[in-house]
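Asks: Below, each chain spelled out in residue letters.
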Amino acid sequence: MNNLSLSRILKLIKFEFLLHKKYYLLLIFGAFLLVTLYLTQYLSYQRIDMTQYGEKNNFYNGAYFFYVIAILLFVVGQSFMDLRSKVSAERYLLLPALPLEKLFSQFIVKFTLAFLVMPTIFALSAILARWIALEFLIQWTGGITNIDIIDFDVLIPIKQSADWLYYIFILSLILFIPSAIFTGSQYFGKWNIVMVPLFIIVFSVATALSPFIISNLFNDGNKTLGYFLDSSWNIKVFGNEAPLMIYVLLVLFYTGAVLSYIISYYKLKEREV
Amino acid sequence: MISIKKLSFSYPKKPRLCEEMDLELGEGKIIGLLGMNGAGKSTLMRLMAGLLKPVSGEVKFHEVSTFDRAVSFLNQMIFVPEKVSVPEFLKVNEYVSIYKDFYTGFDSDRFEKLLSEFQIIGNQRISNLSFGQQKKLQIAIGLSTGAKLLLFDEPTNSLDIPSKSTFRRVLSGSLQEDQTMVISTHQVKDIENLVDQIIVLDEGKVKLHADLEALENQFVFSQGPQAPEQAIFVESHLLGAQYIARQPEGERISGGSPDLELLFNAVIAGKLTGEFLSTQNQVTHE
Chain V
1 MNNLSLSRIL KLIKFEFLLH KKYYLLLIFG AFLLVTLYLT QYLSYQRIDM
51 TQYGEKNNFY NGAYFFYVIA ILLFVVGQSF MDLRSKVSAE RYLLLPALPL
101 EKLFSQFIVK FTLAFLVMPT IFALSAILAR WIALEFLIQW TGGITNIDII
151 DFDVLIPIKQ SADWLYYIFI LSLILFIPSA IFTGSQYFGK WNIVMVPLFI
201 IVFSVATALS PFIISNLFND GNKTLGYFLD SSWNIKVFGN EAPLMIYVLL
251 VLFYTGAVLS YIISYYKLKE REV
Chain X
1 MISIKKLSFS YPKKPRLCEE MDLELGEGKI IGLLGMNGAG KSTLMRLMAG
51 LLKPVSGEVK FHEVSTFDRA VSFLNQMIFV PEKVSVPEFL KVNEYVSIYK
101 DFYTGFDSDR FEKLLSEFQI IGNQRISNLS FGQQKKLQIA IGLSTGAKLL
151 LFDEPTNSLD IPSKSTFRRV LSGSLQEDQT MVISTHQVKD IENLVDQIIV
201 LDEGKVKLHA DLEALENQFV FSQGPQAPEQ AIFVESHLLG AQYIARQPEG
251 ERISGGSPDL ELLFNAVIAG KLTGEFLSTQ NQVTHE
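Chains V and X are the protein sequences, given in the same order. Counting from 1, one number per residue, gives the positions in the first sequence under our numbering. Counting from 1, one number per residue, gives the positions in the second sequence under our numbering.
No wet-lab data here; the hints were simulated from the structure. You can take every hint at face value.
A few chain X positions that, by computed beta-carbon distances, are all more than 10 Å from chain V:
hint, residue
1, 13
2, 26
3, 57
4, 124
5, 128
6, 148
7, 161
8, 168
Simulated restraints, written as ranges between beta carbons of each label pair:
hint, chain 1, residue 1, chain 2, residue 2, range
9, X, 128, V, 170, 50 to 56 Å
10, V, 167, X, 131, 54 to 60 Å
11, V, 190, X, 246, 55 to 61 Å
Cβ coordinates follow ideal geometry from the N, Cα and C atoms, glycine included.
Based on the sequences and whatever the hints tell you, model everything.
Replies: So this is what it looks like as structure tokens:
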């Protein structure tokens, strides 16, 4: 009974959707409606034909970037909603399930929604918005008519690059930022959408500035920030060169991505009401 | 069933609520947990439920620490808090399905019967229920889970008079031999003739832990125009005095089952303290 049980994880997922169905329905339909409305308006007023510059008329990247930020804040950042009030926390903590099962169920729900369902919603909205714009609006707005259908590439956060270090760095961000926001919900509750992004920005800037600050504390203070960002400090690893700071951040982000979930588990286990 | 050893607890930056408390709760009892406001009744309930972690000492359910919140413990325990929060947008049956999923011993027939006794319709929205009805719903769920340890914190708050009566009737007929129910309340009259063991908390300590039957064998709880000289506690009464006196040697006067309010006041006044269980025979009084 005290071993991990898939059946209990599924029951916890059912519990999550039962108790928060309003939130999930609002999220899905609200996202679909808002993205459709925005893209319909945006696509209808496109005047510049990018094909003349050898580009695609694929005007979805900007919107998708902000959509991803919204997903992180309003989906991943809303983990463990039952722990936000005393009375619901009592019920949730006393549900006969292991803390690890509760963690897994939250992870499965939030990350499936964030990385599968919500991108699909965006794609469907984009298809609908393009159709509405082309069929009904462009004749009035005078926008371009050769708008491309959304590409699958738009939905993938990692773009093509020759540099493997680029992939590793982007992957570290993809792993770390959602994990920090997921765990942050247990600490900051509804303020998570403000506090964790603030924390990540402050942490990254502090880390990047740290050599400059420490050097000025312990040395003669003659070193400028540019000295530390000088390319002569670039470290070569397996043929690729990058500033030392990038490697420092890589270690921190990958470590942070793992530690976030461990912290989340123990925060749940030790939670008192 | 519940073993509390050298338990000390305080909320952050607050004075100690209990210090080195020892308590053992056996099976098959309905236990009334009494105390003044702020005595620590709800806190003790939460420690037993695994919602709070002792500062030191241990609270165990069948040798498993309650704060570990192991599935084997949670499946055998139900806690009904004073302030019940039931998702109002759900229907009764939808809400109950949560407990049916997680409590392997959930008895649906018993639940339907309790709903009927409490006059709650199963397929209606919870938002249509009053706060008192929501409380009855939670009590009905609690009694149907098949849990071995039932913790009810102020269960009769918000219940109307007929419902309190139903609650007493339902409880007295519901408990199995291997179940233990702890009812924390300051409304002593609501649990009279219901509980068979009493715990009185005061100033962070267990001042009295007694089986009512054992108390009845040792003491007389009675009232009259005057209290006897050897009475250990006396309260004035409309018709004279209510008093507690020791049973005379070699005699047994039947004064009726202990008046819980009188007993509680005697304990708080320090006139009757100690542990008096059917397996032990230790009582102290001034």
